[in-house]
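Chain by chain, the residues run as shown.
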Amino acid sequence: MTQYAKDYSVGELMCVTLAKEIEDGDVVVLGSFTPLAYASYILAKITHAPNITLLAYASVDTRPFQLSFTRAEAAATRGAALMWTMLEDLNSVHLKGRGDVEAISSIQADQYGNINLSVIGEYDTPKLRGPGGAGAPEVIKMHRKMIGYFPSHTTRTFVPKVDVITGTRYVIGAEERVKAGYRPGPIRYITNLAVISKEEKDKPFKIDSLHPGVSVEQVVENTGFELEVPRDIPETEKPTAEQVRLLREEVDPYGTIAFDFKPGKERLEYLNEILQKELESIGY
Amino acid sequence: MPGENKVAKLSDITKVIKDGDRVAVGGSWLGSHPMAIIREIIRSKIKNLTAITVVGSIDIDMLIGAGCLSRLMFSFVSMEAFGLAPNFRRAIEKEGLPYDEITGLAVIIGLEAGGRNIPFLPYRGPFGSDLVKYRPEFYKNIKCPFTGEELIAAAAIVPDVAIIHATRADHAGNVQIEGTSGTDIEMMRAAKKRIVSVEEIVTEEEVRKNPEKTKIPKFQVDMIIEAPLGAHPCSCAPDYVFDPWHIMKYMQAATSPETFKQYLDEYVMKPEFEYLEAIGGMRQATVLRRLAREVKFL
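Chains A and B, in that order, give the protein sequences.
Quick note on numbering: the first sequence equals residues 1 to 284 in my numbering.
Quick note on numbering: the second sequence equals residues 1 to 298 in my numbering.
Just chain A, with the same shape it has in the complex:
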């Protein structure tokens, strides 16, 4: 019988939930350095999905590595089976529809499958200038599934309509995707409260599962658009004791996953703690 962890953080729960989106054999692209997503992919690789191909920085089929704050790029490079330029990467993976998962996050996301990483307010005179979409506008269209993770599920993030559409999953539905050489697949968002997903262009987002202790009302109240609420919503499967052990002892012993969940002020202090541990690990 599966032994579930008695004690786990919401970050660990999200991490394990995201890892379940990875199927063995998938081509998984690690975009910008986000500890939670990186930890998920590495956890998947050392547990249920040993045959996935990880692409991180310039590396292709890199070995699963231990996460730290400073060393992901060095580790990915040292563990690479092959090194690609970004052009080789997009020619071989993105444009060809060979990518399976490349989780994204965004400032806003709406009911239509649009994301906004650009601005809050007007494009030329923004209230907030975001980082920009990088490859996300293309990634969410081309890969088999569109997976997003949101450490803070609020009506500020999940809005009826994004201020600017940086990118969108759907202009075309499943049938046209196949014609264009892409594979059909859902949008699935893993948040700190629940898992919600949208199966097709014309269908609403629905609640797939609620994290332990979270109510339907909480999710509905914190989502700025209408959700389909099935009658029986399962609880998100808890992390197993072994998954939590692997995360804490092997994948992320420096505790980088928790970084995304620290409020602004505490972040710097927490980062200093991580860096101190990293220095100790090399004998300083």
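Careful: at least some of the hints might be erroneous.
Said to hold, decoys possible - Restraint-style ranges between C-beta atoms, simulated for each label pair:
#1 B/45 to A/215: 51 to 61 Å
#2 B/208 to A/179: 45 to 55 Å
#3 A/82 to B/11: 34 to 44 Å
#4 B/219 to A/282: 36 to 46 Å
#5 B/148 to A/174: 14 to 24 Å
As the list claims (entries may be wrong) - Far from chain A, some chain B residues (derived; all Cβ distances over 10 Å):
#6 120
#7 228
#8 270
#9 275
What the hints assert, rightly or not - With a straight-line Cα cutoff of 20 Å, these simulated SDA-like cross-link-like pairs (lysine to any residue) come out:
#10 A/265 to B/82
#11 B/249 to B/281
#12 A/277 to B/287
#13 B/215 to A/214
#14 B/213 to A/81
#15 A/265 to B/248
#16 B/143 to A/60
#17 B/296 to A/245
#18 B/18 to B/50
#19 A/238 to A/214
#20 A/96 to B/150
#21 B/143 to A/180
#22 B/215 to A/91
#23 B/218 to B/7
#24 A/179 to B/142
#25 A/127 to B/90
#26 A/265 to B/255
#27 A/179 to B/150
#28 A/277 to B/296
#29 B/213 to A/60
#30 B/215 to A/81
#31 B/18 to B/90
#32 B/296 to A/275
#33 B/193 to B/21
Everything labelled a hint here was simulated from the structure, so no lab data went into it.
For each residue, glycine too, the CB sits at the ideal point set by N, CA and C.
Got chain A sorted already, so can you dock chain B onto it with the hints?
Okay, now just chain B, sitting in the frame of chain A:
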């Protein structure tokens, strides 16, 4: 007979980069940005540049904060886990810096078109994105002449100058990259002039021992500059990691124009050879190199 020699001093970049140029800046995320060249651009007070980046960070933020840019083309500018880029945000939100946000694949494909000497390249692009609508001078919806299928054309990008940082090169300019090449190679192919800073300049024989590591041939290079730790505070994988302690200092300094000017005075507006001392000297360099070496696989 003496061989070809493109080795130059850092201060020689002013012979290539001029006020008003469109400059493609290599490196990606917090990796391999040509920071020694960026600092020299600031020191030389080159102005009114249009910077072109795919995934920029402190390179772009520093150029903006020092007042070197009059326009920016980017798909992403962020200090990653350290937060949003402070000077970049301030310049766009408060000072109206004109910018073109272009989706990531479109910048890369645009550079590739530039390198192929054609005006555009089509792809199954970001249909439905507002960025396509906002920049019609860069994106066009087109029909395939064979099948009639709808595609998006990304306009060619031809920078005046490309600047990148790499692992090593010989005197003639054959460049080896061992780490994250990002879009450096595409930028070098597309640009009219190209400057490369390298960790070390080596003999031709040394380069020929590992030809598979050579990613850029000498005829695509105009100037080679030796700049050990030249990507600092960014990484140059797999040799050294980015310097989180320095980047934290930078983030603190960049919170206001006044404190940022102090940062520039302290670290940038002095000869580059004093920079390494200012950031902690050999001890700091050793820490960053050790971290990059001591990685663990599972």
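| task | Decide if the proposed pair is consistent with the structure: residue 213 of chain B and residue 81 of chain A, CA atoms, cutoff 20 Å inclusive. | result | Holds, at about 14 Å.
Tell me if the straight-line CA distance from residue 18 of chain B to residue 50 of chain B falls inside 20 Å.
holds (11 Å)
Could you grab the alpha-carbon distance between residue 277 of chain A and residue 287 of chain B and see if it respects the 20 Å cut-off? holds (13 Å)
Practice prompt. Mind checking the alpha carbons of residue 265 of chain A and residue 255 of chain B for me, to see if they're no more than 20 Å apart?
Written response: Distance of about 14 Å is within 20 Å: holds.
Practice problem: Starting from residue 143 of chain B, check that the Cα of residue 60 of chain A is at most 20 Å away, please. | Solution: violated (34 Å)
Pair hint residue 18 of chain B and residue 90 of chain B, alpha-carbon separation not exceeding 20 Å: violated (25 Å)
- Would you check the hint for residue 215 of chain B and residue 81 of chain A, treating anything up to 20 Å between C-alpha atoms as holding? Judged against 20 Å, a Cα distance of about 17 Å means the pair holds.
Query - Hint consistency between residue 265 of chain A and residue 82 of chain B [alpha-carbon to alpha-carbon, up to 20 Å] - result: Holds, because 12 Å separates the two Cα atoms, which is no more than 20 Å.
Inset, instruction - With a cut-off of 20 Å on the C-alpha distance, tell me whether residue 127 of chain A and residue 90 of chain B pass. - result: holds (10 Å)
*asked:* Between the beta carbons of residue 208 of chain B and residue 179 of chain A, is the distance compatible with 45 to 55 Å?
replied: holds (49 Å)
**Asked** So does residue 219 of chain B sit 36 to 46 Å from residue 282 of chain A, Cβ to Cβ?
**Response** holds (41 Å)
Are all C-beta atoms of chain A more than 10 Å from that of residue 120 of chain B? holds (15 Å)
When each numbered hint is compared with the structure, violations occur for hints 13, 16 and 31.
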